Amino acid sequence: MIRYVVGRVAQAVVVLWAAFTLTFAILYLLPSDPMELQLAAAGIQPDSLTPDQLAAMKHRFGLDQSIGRQYWHHLAGVVHGDFGTSLSQQVPVTDLIGQRIGPTLLLSVAAAVVSLVAGSGLAYLATFVRWNPLRILLTRLPALGASFPQFFVALFLIQLFSFRLGWFPAIGTEGVASLVMPVITISVIASSVLAQVLIKSFDQTLSQPYVVTARAKGLSRSAVHLRHAFRNAALPAMTILGVIVGLTVTSSIVVETVFTREGVGKLAQEAVLAQDVPVVLAVVTIAAAVFVTVNLVVDLLYPLLDPRIKNRVVTP
Amino acid sequence: MGAVARKPIFLLAVVYVLFVVVSAFWPDVFAGQGPYDTHPAAAMQAPGGEHLFGTDVYGRDLWSRVLHGSALTIKATLIALGIALVAGLSLGVVSGFFGGLVDAVLMRAVDVLLAIPGLLLALSIVTALGYGTVPVAVAVGVGIIPGFARTTRAEVLRVKTLPYVEAARAGGASWGRVLLRHILPNSWGPVAVLAVLDAGVAIIAIASLSFLGFGAAPPAAEWGTLIADGRNYLVTSWWLSLLPGVFVALLVLSLNHISKTFQELGK
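Quick note, the sequences are listed as chains R and C, same order.
According to this note's numbering, the first sequence is numbered sequentially starting from 2.
According to this note's numbering, the second sequence is numbered sequentially starting from 1157.
Chain R on its own, in the form it takes in the complex (with noise of 0.2 Å):
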């Protein structure tokens, strides 16, 4: 057990030194020049600079040295929670990101509590209800919420909400009410895709031999859906439960922007608009991080849910 432990573990630092690697490479190798890009963005002409000028900027941000250097200096840097200066509003990218990181935490956190419950609760019916033209919408529903794109429902949501009822302020970040229409715009998609996963592990669960056992013996339907189908159909669930986290990650980037919520969502919109390079390798960084630390967790923990998992793990 310890050694599966220790190879997960060791299996995720890998990977996200990989991904880590691979975005700066992106970022830092592809043949555009960050200080120019950078300059661009503010609107100033790279010629318009003497040439000690743009050498004494490069030599600021550490983009004079070789690409080797800054990709030590930078790894060194993450190592120890350090992301490097924002190039656009020169100051450390940890400050930035530490400033704006709580807004979308909470709607992360949310949207994923909302998600989970939605998305559950919605496969348990679809597979609980007998009246067969309910039952047929019910297991639609999630393929319907699935194509929505989020920039529309979130204006959907806007218009009708905000404008036409009233009930939610359209923009912002203050209060509980501004978090109710960000949080179902990102739960729409998310709890679809954990639904449809859900609606198909109950269908191969119901058909099992148990369940006609547990009904024959005298037990009631929904005791049967609820104890013996519902924890079985959860299992394999679970190993989305990375999915539907990145998923609410990366959603609030577009949900930030639609509801002008300041967080690392718009963060990441603003430093991609401004050509911010060291903002958005520490924003792909962090998201990748925490991605692969609820895979990781998902890992651990399923062996201890599921002893069948255990023992496969255990004796090879």
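Hints were generated in silico from the structure; no laboratory data involved.
Check each hint, because a few of them may be wrong.
What the hints assert, rightly or not - Only pairs whose alpha carbons sit at most 30 Å apart, straight line, appear in this in silico DSSO-like list of lysine-lysine:
{"hint": "1", "chain 1": "C", "residue 1": "Lys-1231", "chain 2": "C", "residue 2": "Lys-1163"}
{"hint": "2", "chain 1": "C", "residue 1": "Lys-1416", "chain 2": "C", "residue 2": "Lys-1163"}
{"hint": "3", "chain 1": "C", "residue 1": "Lys-1231", "chain 2": "C", "residue 2": "Lys-1316"}
{"hint": "4", "chain 1": "C", "residue 1": "Lys-1316", "chain 2": "R", "residue 2": "Lys-201"}
{"hint": "5", "chain 1": "R", "residue 1": "Lys-201", "chain 2": "R", "residue 2": "Lys-218"}
{"hint": "6", "chain 1": "R", "residue 1": "Lys-201", "chain 2": "C", "residue 2": "Lys-1416"}
{"hint": "7", "chain 1": "C", "residue 1": "Lys-1163", "chain 2": "C", "residue 2": "Lys-1316"}
{"hint": "8", "chain 1": "R", "residue 1": "Lys-201", "chain 2": "C", "residue 2": "Lys-1163"}
Quick caveat: nothing in here was measured; it's all calculated off a predicted structure.
Take the given structure of chain R and dock chain C to it, following the hints.
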């Protein structure tokens, strides 16, 4: 044919996808007016007989702007799918066919690509390549390579062990010939289903990136740009954002339905 006739929704979905594709290559067939023709007198008109989707703040006909947006978005989608198909198929075939160390290395590489959430990978590629339809298409295409690679690999592994492959080898066919004539044609099914499904995913991703402001420069407008521009007039003229949105959502819905029907037929 009988099976298709009994699936009216599938038929509708196919017709709608065909309509959008035709409008992407020949927008003038359905458009009626130019996408950049301004009529200040007819600005901000609600949807109606003359302007199916209404008009924007410069009096431009939104319907023809959406159809001309198809040209950019559909082309971007095709580029993205092309990249993903070529790279994904090659990776998957090489990985599944050779196995061993090659397989292990390639699949670890795919794992790394999967560890970076798609939209964020796309954002870093767009940061490096700059804005526009093609960079966005490349960014989205790279993001969907892993799915194709994994599906192709699984299929190649499955087909490789089938008796007819063994028979072809025993009959003296070279590995290259077996790969091209026997393994690839028989691995194609699930990959094609995935391609239809991923077309929907790619359209949403491309529209999202252009919505965030990384797409084609004005006055050209992709679907995402149109929807983003309409945001500013949401209070008074809801159609500017929501009708193009419905147009996109219907397309993705149709693609998902087609892919699902294929999947069921394949069983």
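Hints and how they fare:
Note on Lys-1231 of chain C and Lys-1163 of chain C: the hinted pairing holds, with a Cα-Cα distance of about 29 Å set against a maximum of 30 Å. Annotation: proposed proximity of Lys-1416 of chain C to Lys-1163 of chain C holds, straight-line Cα distance about 12 Å (limit 30 Å). The hinted pair formed by Lys-1231 of chain C and Lys-1316 of chain C fails the criterion: a straight-line CA distance of about 35 Å is larger than 30 Å. This hinted pair checks out: Lys-1316 of chain C and Lys-201 of chain R have alpha carbons roughly 28 Å apart, not beyond 30 Å.
Of the pairs offered as hints, the one joining Lys-201 of chain R and Lys-218 of chain R holds, with about 26 Å between alpha carbons and a cut-off of 30 Å not exceeded. The suggested pairing of Lys-201 of chain R with Lys-1416 of chain C holds, with an alpha-carbon distance near 14 Å, which does not exceed 30 Å. In summary, the hint linking Lys-1163 of chain C to Lys-1316 of chain C is not supported, as the alpha carbons are separated by about 35 Å, beyond the 30 Å threshold. The hinted pair formed by Lys-201 of chain R and Lys-1163 of chain C meets the criterion: a straight-line CA distance of about 22 Å does not exceed 30 Å.
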